[in-house]
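Chains A and B, in that order, are what the protein sequence lines are.
Note that the numbering used here has the first sequence beginning at 1, numbered continuously upward.
Note that the numbering used here has the second sequence beginning at 1001, numbered continuously upward.
A few of these clues could be false.
[To be verified] The calculated DSBU-like cross-link candidates involving lysine-lysine, where the alpha carbons are at most 35 Å apart (straight line), are:
no. : chain 1 : residue 1 : chain 2 : residue 2
1   : B       : Lys-1041  : A       : Lys-49
2   : B       : Lys-1020  : A       : Lys-99
3   : A       : Lys-56    : B       : Lys-1041
4   : B       : Lys-1014  : A       : Lys-99
5   : A       : Lys-99    : B       : Lys-1066
6   : A       : Lys-52    : A       : Lys-77
7   : B       : Lys-1041  : A       : Lys-52
8   : B       : Lys-1064  : A       : Lys-49
9   : B       : Lys-1020  : B       : Lys-1064
10  : A       : Lys-49    : B       : Lys-1020
11  : B       : Lys-1066  : B       : Lys-1020
12  : B       : Lys-1064  : A       : Lys-60
13  : A       : Lys-99    : B       : Lys-1041
14  : B       : Lys-1041  : A       : Lys-68
15  : B       : Lys-1014  : A       : Lys-49
16  : A       : Lys-99    : B       : Lys-1064
17  : B       : Lys-1014  : B       : Lys-1066
18  : A       : Lys-99    : A       : Lys-52
19  : A       : Lys-99    : B       : Lys-1055
20  : A       : Lys-77    : B       : Lys-1041
21  : A       : Lys-49    : A       : Lys-60
22  : A       : Lys-52    : B       : Lys-1055
Hints are computed from structural coordinates only; laboratory data are not their basis.
All of these numbers come straight from a predicted model, not from anything done at the bench.
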Amino acid sequence: GDSVTQMEGPVTLSEEAFLTINCTYTATGYPSLFWYVQYPGEGLQLLLKATKADDKGSNKGFEATYRKETTSFHLEKGSVQVSDSAVYFCALSGFGNEKLTFGTGTRLTIIP
Amino acid sequence: GAVVSQHPSRVICKSGTSVKIECRSLDFQATTMFWYRQFPKQSLMLMATSNEGSKATYEQGVEKDKFLINHASLTLSTLTVTSAHPEDSSFYICSATSSNTQYFGPGTRLTVL
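Assemble the whole structure, with the sequences as input and the hints as a guide.
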């Protein structure tokens, strides 16, 4: 079945550091890929998505590129801020299937 | 656009009582909504898929008689936790699909005493 493997946390970085959170997936066909962010005590917010190979999703300075050859969708940001502290979830939905398969989540803490 | 709300945001109840949680899509119609449960510092566990006008589809291991789901309209799904016990204490999150993307509600923190 479909699965998502995500970089284990927690991750602690200093403000303005470069961020990478790795995400790889296993799926049949051509899934859509997502990054969601969860701030403390809140639900999940869609951060970005990509629906086909080589697509790049971007939002709020975060980027991720759908790499079919490496089955990856790594999240990057050039300069993180304290307000980026949250838990980040990589997820996929299979072709023609609305259900989401989530990674385990990566807790990110940015220190001033 | 694509805003999903949940009510209540927090609820505390006594063991043996039932609790209803509402999930609404505010600016779009959703034939399908999903209910998740999240334990502290863990990922989301899909409980069931709620289909407007028909019975919900439950994931393996989820008791359908304990977690009653009703999707009476295209903008409202409800989850009722019946005869709640302390082990049902958790963070419950719903989502609704728009344009092949799931949008999540803010979650409901249930505490059963």
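Violated constraints from the hint list, given by number and in increasing order: Of the numbered hints given earlier, those the structure breaks are 12 and 15, listed in rising order.
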